[in-house]
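Enquirer: Go ahead and model the full structure; you've got the sequences and the hints to work with.
Protein chains: 2
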Amino acid sequence: MYFVILAGGVGTRLWPRSRRQMPKQFLNITSPERTMLQETYARVEDMAPEDHFIVVTSRAYAPTVRAQLPRIPAENILSEPAGRGSAPAVGVSALFVHRKDPSAVMACLSADHFITHTEEFHRVLRVAEAAAKEGYLVTLGIQPSYAEIGYGYIQGGERLMEIDGVEVRRAVRFTEKPSLEDAQRFVAAGNFYWNAGMFIWQASTILDAFARYMPDLYERLMQIEAFWDETGKVGVIPEDIWLSIRSETIDYGIMEKADNVAVVPADLGWSDVGSWATLLDLLPASDDGENVVIGRHVGVDTRNSLIYSPDRLIATVGLENIVIVDTGDAILVCPKDRAQDVKRVVKYLEEQGLYDVL
Amino acid sequence: MYFVILAGGVGTRLWPRSRRQMPKQFLNITSPERTMLQETYARVEDMAPEDHFIVVTSRAYAPTVRAQLPRIPAENILSEPAGRGSAPAVGVSALFVHRKDPSAVMACLSADHFITHTEEFHRVLRVAEAAAKEGYLVTLGIQPSYAEIGYGYIQGGERLMEIDGVEVRRAVRFTEKPSLEDAQRFVAAGNFYWNAGMFIWQASTILDAFARYMPDLYERLMQIEAFWDETGKVGVIPEDIWLSIRSETIDYGIMEKADNVAVVPADLGWSDVGSWATLLDLLPASDDGENVVIGRHVGVDTRNSLIYSPDRLIATVGLENIVIVDTGDAILVCPKDRAQDVKRVVKYLEEQGLYDVL
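For the protein sequence lines, the chains are A and B, in the order given.
Taken in order, the first sequence gives residues 21 to 378; the numbers are from the working numbering.
Taken in order, the second sequence gives residues 21 to 378; the numbers are from the working numbering.
Hints may contain errors.
Below, computed lysine to any residue pairings styled on SDA-like, alpha-carbon distance capped at 20 Å [to be verified]:
id	chain 1	residue 1	chain 2	residue 2
1	A	LYS367	B	ARG332
2	B	LYS356	A	GLY338
3	B	LYS120	B	ASP321
4	A	LYS363	B	ARG316
5	A	LYS363	B	ASP321
6	B	LYS356	A	ASN341
7	A	LYS356	B	GLN163
8	B	LYS363	B	ARG40
9	A	LYS363	B	LYS277
10	B	LYS363	A	ASP321
11	B	LYS356	A	ASP321
12	B	LYS277	B	TYR233
13	A	LYS363	B	GLY338
14	B	LYS363	A	GLY338
15	B	LYS356	A	GLU340
16	A	LYS356	B	LYS356
17	A	LYS363	B	ARG323
18	B	LYS253	B	GLN41
19	A	LYS356	B	GLU340
20	B	LYS367	A	TYR375
21	A	LYS367	B	LYS197
22	B	LYS363	A	ARG316
23	B	LYS367	A	LYS356
24	B	LYS356	A	ARG37
25	A	LYS367	B	LYS363
26	A	LYS356	B	PHE247
27	A	LYS356	B	ASP321
28	A	LYS367	B	ASP321
29	A	LYS356	B	VAL320
30	A	LYS120	A	GLU245
31	B	LYS367	A	ARG316
32	A	LYS356	A	ASP308
33	B	LYS367	A	ARG332
34	A	LYS197	A	GLY217
35	B	LYS367	A	GLY338
36	B	LYS363	A	VAL320
37	A	LYS367	B	LYS120
38	B	LYS197	B	GLN163
39	A	LYS367	A	ASP349
40	A	LYS356	B	GLY338
These aren't lab readings, by the way, just hints derived from the structure by calculation.
Expert: This is how it looks when you write it as structure tokens:
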């Protein structure tokens, strides 16, 4: 199996830690020692040799990826001249894997997600690999634990096979960010899963799908392959071709349209680490006030709050469900239930051109 | 008239701005350009020549006082070897004034209070001076605007005189920090005033009061005077004598006992700046969210909050009635209605010996 780590994201909701130059996948957000990218790699590094790992990222982040994952061959780090969404990123990595082994199965993983149950993750990846070898476009479906409206949902249909005690079902329908009512209905129904954006397929299967459902993108991919053939610069993405590609997600471009999509239900303790609120739920409490503290904190009557301040003392009195993040040049203070709106701060900073804190 | 500024306070409730080495009277808390001590001096400097100003402070703060008030003669800065409360501080300054002019009237002012109406302040000081010349121990009484339980109250009695349209009443009773019920009764009654800790009297009158009500302290004052006579070091407080003095407030030691106390009702826009909450009420709003902002702030849905951060950007989302103070080495986050409990943070820091942020 090959592993493709998509590491081109530019998040805003973990500001002020995540920055334009250093988004969350390159930060030690979920672990004190390792960045999220390093955790993503470490989680699966035993499953394949080093040259089976590919990272797709933007040009600006390629040096960071090389520094953080020195074991991955430099030529396996594919640098996008500009972000074009997940479909082109998956496309160019499929092309790259296909050249090495047309029948290879590749697993596409996000560089900035959190997974608690690593062994279970390995097990479902092996199950997904087996299903992928049958020609399916396989996605991992997370059993929803509550009616989250920020995630996409996958409806599971007929049972396609059972491997190692794990059922593989046909994916009937993809629903992007549903209404609360729909989300509640999905959770109650039992056969709906969160779309965690992790896909497993043969390189040849996904390239066939591009040819059928995204012919424009497929044509550009063929031009890139021709460039690789002509120049020998395999893995280098020519700017002129890339910039002519339309942005699209793999979900919208392929998964919602293809008829050979399978879902493997997975209980991974998964989180997309989409906001400071998620992180407060995710990280272990540091004190008997159920606070998550990284740094130096003196709390009087302070509960269930996230305090990040590696360099300065933060003192709090009478706070509950508050996020405080001090990065040395900027400080965020925000109630947990408003954590989604941190993106509005970033938007404002962008509008005002305050690049020193972006 | 002589002016005695009491500047020995060691506050804790404006932490992290006020520190052991630099309490609030030495900080530009209420004005961008001037410290509270400088404001206290500036408020009355036109009322007397420079050598009529005396500052009583602790030894550690004397250099700061000299630096902040360079016009006051250095010998007029009386340095206490240790804090002993307001009664000894007033006593030694009365001794000092009395040597210069036994019949002089002296006004005792706190270095860390805020007064909005300077002209009215001048007017009531002149009225109080006239009453002091009649032999009264005069105190200014602030008409209470609400039932504050953190202040002392003075009950006004019979009318003693009227000067310049201002009534001077006998002070019948002093009540330290009353219950809420009592405070509400006081405010409703109309003849109770906040004790602002501003006193006006002849040096001879207060020394007589010390002789009568605090004979131990008076004896020590006489020893200090003898030391001044013998050595010529007028204004120097000998450590051995001073350390043998018992701590006491002027309110408890004299004002609550003496029978010649008068109160001059005064509408000064006064505040003791006793907490961050007071300051939030006091300072003008900086934006249309009614926030008081000193520094760089980006607020999304943020209202009626105090943001102090001269060096770093503070971003807030969805906050109301919150105090955030960043001093570079420490940050406080606290709801306005818990501002009194900042002293609990300081107490904890003291217990833990965290002197770097005290």
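Enquirer: Are the Cα atoms of LYS367/A and LYS197/B separated by 20 Å or less?
Expert: Status violated; Cα separation ~49 Å.
Enquirer: Taking 20 Å as the top limit, are the C-alpha atoms of LYS356/A and ASP321/B close enough?
Expert: 14 Å, holds
Enquirer: Checking one constraint from the list: CA of LYS356/B to CA of GLU340/A, max 20 Å. Satisfied?
Expert: Cα-Cα ~14 Å, so holds.
Enquirer: Holds or violated: LYS363/A and ARG323/B, Cα atoms, limit 20 Å.
Expert: Answer holds: LYS363/A to ARG323/B is near 19 Å, not above 20 Å.
Enquirer: Given the hinted pair LYS367/B and TYR375/A, is their alpha-carbon gap at most 20 Å?
Expert: 40 Å, violated
Enquirer: So if I understand the rule, the pair passes when the alpha-carbon distance is 20 Å or less; does LYS363/A with ARG316/B pass?
Expert: 18 Å, holds
Enquirer: Next pair to validate is LYS363/B with ASP321/A; report whether the Cα-Cα distance is within 20 Å.
Expert: 13 Å, holds
Enquirer: Taken at face value, is the distance from the CA of GLY338/A to the CA of LYS367/B at most 20 Å?
Expert: With a Cα-Cα distance of about 16 Å, the restraint between LYS367/B and GLY338/A holds, given a limit of 20 Å.
Enquirer: Between the alpha carbons of LYS363/B and ARG316/A, is the straight-line distance 20 Å or under?
Expert: Judged against 20 Å, a Cα distance of about 18 Å means the pair holds.
Enquirer: Sort out whether VAL320/B lies within 20 Å of LYS356/A, counting only the CA atoms.
Expert: 14 Å, holds
Enquirer: Hey, LYS356/A versus LYS356/B, does the alpha-carbon distance stay inside 20 Å?
Expert: 19 Å, holds
Enquirer: Is the straight-line distance between the alpha-carbon of LYS356/B and that of GLY338/A 20 Å or less?
Expert: 10 Å, holds
Of the numbered hints stated above, those contradicted by the structure are hints 3, 7, 9, 18, 20, 21, 23, 24, 25, 26 and 37, listed in ascending order.
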